[in-house]
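Given these sequences and hints, build the entire structure.
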Amino acid sequence: GAVVSQHPSWVICKSGTSVKIECRSLDFQATTMFWYRQFPKQSLMLMATSNEGSKATYEQGVEKDKFLINHASLTLSTLTVTSAHPEDSSFYICSAQPRLSGGLRHNEQFFGPGTRLTVL
Amino acid sequence: KNQVEQSPQSLIILEGKNCTLQCNYTVSPFSNLRWYKQDTGRGPVSLTIMTFSENTKSNGRYTATLDADTKQSSLHITASQLSDSASYICVVSPFSGGYNKLIFGAGTRLAVHP
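Residue numbers (our numbering), protein chains in the order written: chain Z, 380 to 499; chain B, 772 to 885.
Wrong hints could be hidden among the right ones.
Straight-line distance between alpha carbons at most 30 Å, and here's what the computed BS3-like set of lysine-lysine pairs gives [what the hints assert, rightly or not]: (1) B:K828 with B:K788; (2) Z:K393 with Z:K420; (3) Z:K399 with Z:K445; (4) Z:K420 with Z:K443; (5) B:K872 with B:K842; (6) B:K828 with Z:K399; (7) B:K872 with Z:K420; (8) Z:K443 with Z:K393; (9) B:K828 with B:K842; (10) B:K842 with Z:K399; (11) B:K842 with Z:K420; (12) Z:K399 with B:K788; (13) Z:K399 with Z:K434; (14) Z:K434 with Z:K393; (15) Z:K393 with Z:K445; (16) Z:K420 with Z:K445; (17) B:K842 with Z:K434; (18) Z:K443 with B:K872; (19) B:K828 with B:K872; (20) B:K788 with B:K842; (21) Z:K445 with B:K828; (22) Z:K399 with Z:K443; (23) Z:K399 with Z:K420; (24) Z:K434 with Z:K445.
Honestly, the hints are just simulated from the structure, not real lab data.
These numbers were taken from a predicted model, which means no experiment stands behind them.
Printed below as a string of structure tokens:
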């Protein structure tokens, strides 16, 4: 159990276009999902935290109008990179925290496999 | 400031050898400490998770230790295999009473050579 998927696994797009990345918890419900960005040879950096049905909380320095997050259900969160530019090229990783009553450790976070975004 | 520092930054060992990775943290109070393995181009995978009251936890050839007094943790890998080549990340979860905003170390990049 506790599988998190991301789609697509990689994407190449032209500068100025928007890209949507999906994060799904496949076998559990997640009250909270997290979006991270990772540059080469660096650790994960938290971008935003989203709770189902409410607005995301963004970390300092992360533009909420550029990185749109929607957490429409307990198993799906999406990150849309709007008007992407080459500097947005990175590895985007989501994680999901199970519901308290879900049978999994509530304080655990399960990570997706990541999405490699390349903006030309 | 809450910080997690790992050493060494990178490490090369021969297949079959043991190694120990270190993690020092200043997060206080904290809820739990985790070790993750991250293969290149993949998301992190949990190896161990320990609360402040636990001082050791094993997962196969991986054994993590925790000294909450000195705020140090280590990850020991026994009889290394080529597939152990990855980044190992120490992550501390502050005691926040709410959702887990994790604090990540920079990781140790381990290369196991034949």
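The hints, checked one at a time:
Simply put, K828 (chain B) and K788 (chain B) have alpha-carbon atoms about 20 Å apart, close enough for the 30 Å limit, and the pair holds. For the given pair, K393 (chain Z) sits about 25 Å from K420 (chain Z) by alpha-carbon distance, which is consistent with the 30 Å threshold. For the proposed pair K399 (chain Z) and K445 (chain Z), the alpha carbon gap of about 12 Å is at most 30 Å, so the pair holds. Proximity of K420 (chain Z) to K443 (chain Z) is assessed by CA-CA distance (about 25 Å); at most 30 Å being required, the pair is judged to hold.
Simply put, K872 (chain B) and K842 (chain B) have alpha-carbon atoms about 19 Å apart, close enough for the 30 Å limit, and the pair holds. For a cut-off of 30 Å, the pair hint linking K828 (chain B) to K399 (chain Z) is broken: about 39 Å separates their Cα positions. Taking the CA atoms of K872 (chain B) and K420 (chain Z), the gap is near 21 Å; set against the 30 Å cutoff, the hint holds. Proximity of K443 (chain Z) to K393 (chain Z) is assessed by CA-CA distance (about 21 Å); at most 30 Å being required, the pair is judged to hold.
With a C-alpha separation of about 16 Å, the suggested pair K828 (chain B) and K842 (chain B) falls inside the 30 Å cut-off, and the hint holds. A hinted pair counts as satisfied when its Cα atoms are at most 30 Å apart, and K842 (chain B) with K399 (chain Z) does not qualify at roughly 40 Å. The straight-line distance between the Cα atoms of K842 (chain B) and K420 (chain Z) is roughly 25 Å, inside the 30 Å bound, and the hint therefore holds. Pair hint K399 (chain Z) plus K788 (chain B) does not hold up; C-alpha atoms about 43 Å apart against a cutoff of 30 Å.
For the proposed pair K399 (chain Z) and K434 (chain Z), the alpha carbon gap of about 17 Å is at most 30 Å, so the pair holds. Note on K434 (chain Z) and K393 (chain Z): the hinted pairing holds, with a Cα-Cα distance of about 28 Å set against a maximum of 30 Å. With a C-alpha separation of about 16 Å, the suggested pairing of K393 (chain Z) with K445 (chain Z) holds against the 30 Å cut-off. The straight-line distance between the Cα atoms of K420 (chain Z) and K445 (chain Z) is roughly 24 Å, inside the 30 Å bound, and the hint therefore holds.
The hinted pair formed by K842 (chain B) and K434 (chain Z) fails the criterion: a straight-line CA distance of about 35 Å is larger than 30 Å. Restraint check for K443 (chain Z) and K872 (chain B): satisfied, since their Cα atoms lie roughly 18 Å apart, inside the 30 Å limit. Restraint check for K828 (chain B) and K872 (chain B): the C-alpha separation of about 22 Å stays at or below 30 Å, so the hint holds. With a CA separation close to 27 Å, the supplied pair K788 (chain B) and K842 (chain B) stays within the 30 Å bound.
Taking the CA atoms of K445 (chain Z) and K828 (chain B), the gap is near 41 Å; set against the 30 Å cutoff, the hint is violated. For a cut-off of 30 Å, the pair hint linking K399 (chain Z) to K443 (chain Z) stands: about 14 Å separates their Cα positions. Note on K399 (chain Z) and K420 (chain Z): the hinted pairing holds, with a Cα-Cα distance of about 24 Å set against a maximum of 30 Å. Restraint check: the Cα-Cα separation between K434 (chain Z) and K445 (chain Z) comes to about 15 Å, which is no more than 30 Å; the hinted pair holds.
In summary, the structure is inconsistent with hints 6, 10, 12, 17, 21 from the numbered list given earlier, while agreeing with the others.
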